[in-house]
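Could you put the whole structure together from the sequences, leaning on the hints where they help?
Chains A and V supply the protein sequences, listed in that same order.
Take 1 as the starting number for the first sequence in the numbering used here and just add one per residue.
Take 1 as the starting number for the second sequence in the numbering used here and just add one per residue.
Among the clues, some could well be false.
[To be verified] Cβ-Cβ distance ranges computed for the label pairs, FRET-style:
1. GLN274/V - PRO145/A: 33 to 39 Å
2. GLY32/A - ALA393/V: 54 to 60 Å
3. GLU359/A - GLY298/V: 36 to 42 Å
4. ARG62/V - ARG182/A: 53 to 59 Å
[Unchecked claim] Facing chain A, a subset of chain V residues (Cβ under 8 Å, in silico):
5. GLY65
6. HIS118
7. VAL163
8. SER175
9. ALA209
To be clear, the hints were calculated from the coordinates, so they are not data collected in a lab.
In this text the structure is predicted, and so the values were computed from the model without any measurement.
A virtual CB, placed ideally from N, CA and C, is assigned to each residue, including glycine.
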Amino acid sequence: MSVHDAAAIAANRFGLGARPGDLAQIGEEGRGWLADQLKGAPSQLEEAGLRPGAQILAQGLALRARRRDAKSGEAAAAADLLKLPQLYRPIYVDEVNARLRAAIASDRPFIERLTHFWSNHFAVSVDKVIVLGLAGAFEREAIRPHVLGNFTDLLLAAERHPAMILYLDNQRSAGPDSPLARLVARRAPERKPGINENLAREILELHTLGVNGGYTQADVTEFAKVISGWSIGGGQGRFARGEPGAFVFRPELHEPGAKSLLGKRYADHGEEQGVAVLRDVAQRPQTARFIATKLARHFIADDPPASAVERLTRVWLASSGHLPSVYRALIDSPEAWQAGSGKFKTPADYILSGFRGLELPVEAGHGAIVSFEVLGQRNYSPGSPAGWPDRSADWDGPSALMKRIEWADTVGQRLGSRRNAMKLASQLLGDTLSSATRTAIARAASGAQALTLLLTAPEYMRR
Amino acid sequence: MILRRRDFLAGALAAGGGLLTSRVVFAGSGASSEARFVFVILRGALDGLAAVPPYGDPDYTRLRGELAFGAPGTPGAVLKLDTQFGLHPSLAFLGESYTARELIVFHAIASPYRERSHFDGQDVLENGFAQPHAVQTGWLNRALAAVPARERKELGVALGQNVPLVMRGPAAVASWSPSKLAALDEDTLARITDLYAHDPLLSQRLADAVTADAIATAGSNAMDSSAPVRGNARYLEVVRATASFLKREDGPQVAVFDTTGWDTHANEGAAQGQLAYRLAALDSGLRELKQQLGAAWGNTVVLLATEFGRTAAINGTRGTDHGTASAAFLLGGAVRGGRVIADWPGLSSGALYQNRDLKPTRDIRSVMKGVLGELLRVTGAALETSVFPDSGAARATAGLTRA
Chain A
1 MSVHDAAAIA ANRFGLGARP GDLAQIGEEG RGWLADQLKG APSQLEEAGL RPGAQILAQG
61 LALRARRRDA KSGEAAAAAD LLKLPQLYRP IYVDEVNARL RAAIASDRPF IERLTHFWSN
121 HFAVSVDKVI VLGLAGAFER EAIRPHVLGN FTDLLLAAER HPAMILYLDN QRSAGPDSPL
181 ARLVARRAPE RKPGINENLA REILELHTLG VNGGYTQADV TEFAKVISGW SIGGGQGRFA
241 RGEPGAFVFR PELHEPGAKS LLGKRYADHG EEQGVAVLRD VAQRPQTARF IATKLARHFI
301 ADDPPASAVE RLTRVWLASS GHLPSVYRAL IDSPEAWQAG SGKFKTPADY ILSGFRGLEL
361 PVEAGHGAIV SFEVLGQRNY SPGSPAGWPD RSADWDGPSA LMKRIEWADT VGQRLGSRRN
421 AMKLASQLLG DTLSSATRTA IARAASGAQA LTLLLTAPEY MRR
Chain V
1 MILRRRDFLA GALAAGGGLL TSRVVFAGSG ASSEARFVFV ILRGALDGLA AVPPYGDPDY
61 TRLRGELAFG APGTPGAVLK LDTQFGLHPS LAFLGESYTA RELIVFHAIA SPYRERSHFD
121 GQDVLENGFA QPHAVQTGWL NRALAAVPAR ERKELGVALG QNVPLVMRGP AAVASWSPSK
181 LAALDEDTLA RITDLYAHDP LLSQRLADAV TADAIATAGS NAMDSSAPVR GNARYLEVVR
241 ATASFLKRED GPQVAVFDTT GWDTHANEGA AQGQLAYRLA ALDSGLRELK QQLGAAWGNT
301 VVLLATEFGR TAAINGTRGT DHGTASAAFL LGGAVRGGRV IADWPGLSSG ALYQNRDLKP
361 TRDIRSVMKG VLGELLRVTG AALETSVFPD SGAARATAGL TRA
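Written as structure tokens, this is what we have:
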């Protein structure tokens, strides 16, 4: 491995793409550059105007309630009121732009990549309108503060955030013997409240143990009962309790009693019953292996070498899920530093590396956001709780490649005359720049075409 | 001069021996080359008991409560299929197709998958094996590789930016999706093609994209539109592109696209609401497909299937959780339709799978095998050995098509 290889891999595979000057600064110490980023507190977004998620949600819920009243004729006409997407879209745009600015400007791009990784691991998707205003706050409040902490804390923060509760339908899930269910059974037996097992299932399948992690349908159902009552504060009538828009535990929805799942009995301490289960699940070896595999897939290869997965799993278990220890083991994995075994960039990787490499600003409005939509990876919209996939075959389809090329061409036309593509090629790709690409850029008919060729080169398509 | 990609392709074809000509060969005649097959994946687990309500089942209304549909002739009624089953009222075109004997409705049908993960369920629906992640290829691609007299470059096309698992494998397939970016000029495209010469993956993908674009946009100005295409409009554009591919005599015979939004855990709705809206959109797209295909509709079979069904009873939030068996549809001019095919297990608590879901009584691979054999002439030996190797117990259903 040459010196420049190490710098290019550190900046492009572990980071979000080199900026001009980055490789020279990293020099011979790619690993040290990454390890240094793990020191100190995680970076927070410091953008004016970003509000707490609870406030955003309370505003949305209040609007919904006003629209409902308006439709039943008790207030101003519904037509005069905003619809929820109209309220939330500008918030979404501001949140995404703040996120992109952080990714592009960051001197700790490894931490930003990890933030995106965990955001995607605990995916919420804005195809649910209520998530549209909350996805950014979810990342700021549940993910960012814990990216350099312990997995247990990250897990608890993610599952209890209102965005997750709402995305996976837990807010009204009611135990069959909960106080509310008993009340309804007496007064209106035809409207029987009950369990919604969506959040419980996805926590076990997607966030912790993994689909083959040794749990059964009975475990899912019991777990759903355990977290019945995990809900959102502020509502109407019976649901008026709690800080509007914030997590609240509603004893009236909670299934009472001790519960047994995953081979262990949990006494009922209300809200704490679910916390106790999550703490245990976070420390299970299946969780360690499942997430070690995902990390290795993200940073090493679509089918990660067993040696690396073993090493990360061991460190995870030995450190009880201390994430910086796991990241250090990843940095120290020789498998991650093989040149030429690069990961095919996702559309988001591709665009972010373009913005960083070309030093493009993210203006207010839709300018940057549209690129993600066109290339097929709209921010915070994986479309399913599994998050965006992370293998080449999921992203390298013919039509996807053509759109990427067309995007590169559009950028090339716009900026080619103001950039030196040949110089940039060395600055961004270091020794991973191939002689074929160098020749193609040198022979290009115009500055615009030269830049397009750099941005479409095989080594630039990968990280 | 700026050339559009389709002009570039036409130029390459005219030049002879160019980039692509050597790989595009026109198909010979023969009954099977007329046949067209479309696989529509309904991702998210379609509620079969809402799409095809078994209104005649004595336990149905009790289980479905406020989401139950009325019998024909009552408010919010189903569209009647027979004395047992109806269609969701949003499925008007499917109802007409049933009357015209161009629709078979399957019920209590499922893939071999018996757990409740969307992602593994879709993997099984697409890989054709009994287990998730058994292979990295799809049954439809393996079937294409086994189609006799394969004279075309690509027998299959995936409508969408990326190729879904069901279409991945040894056979070359095209893919296409709507774009709002400007097309490249000829010279830049040629240089990128050169740059990819030593990268097998990218060179293959690029060649496929160029071919697909030429076909999808032939005779239309869709590529010139700069207006963003969203939601249902995008789906209709995918449907129209599907028809463009399948109408060509030398084009693909098989297309795949998917639709999402079927994961109705809360506030599913009945005659109105979330699911009704999705079903109406699906139905109108299928009507559009028939119109766009014109005469080719007579040789077409469309299979619509989902990864699994949903719970028989509604949950505590007026929706349904992950279940097991669901419904599936076989639609098209080449379908011997006007039938419901179901070994109905019933909905009494003893009849439910694990006391919660509609019990599967039919392996959907028997339908897939029947269609592939009759329509695309995939041999029984190929179906048993390479396409669905562990499906011996699921015998091909005969007589589904007019082929």
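Hint by hint, here is what the structure shows:
1. GLN274/V - PRO145/A: 33 to 39 Å: holds, 34 Å
2. GLY32/A - ALA393/V: 54 to 60 Å: The hinted range 54 to 60 Å holds for GLY32/A and ALA393/V, with Cβ atoms some 59 Å apart.
3. GLU359/A - GLY298/V: 36 to 42 Å: violated, 58 Å
4. ARG62/V - ARG182/A: 53 to 59 Å: Violated, at about 21 Å.
5. GLY65: With Cβ-Cβ at 7 Å, under 8 Å, it holds.
6. HIS118: At about 7 Å, which falls below the 8 Å cut-off, the nearest Cβ of chain A leaves the hint on HIS118/V intact, so it holds.
7. VAL163: At about 5 Å, which falls below the 8 Å cut-off, the nearest Cβ of chain A leaves the hint on VAL163/V intact, so it holds.
8. SER175: holds, 5 Å
9. ALA209: Interface hint status for ALA209/V: holds (4 Å vs cutoff 8 Å).
The structure fails to meet hints 3 and 4 from the earlier list, while all remaining hints are met.
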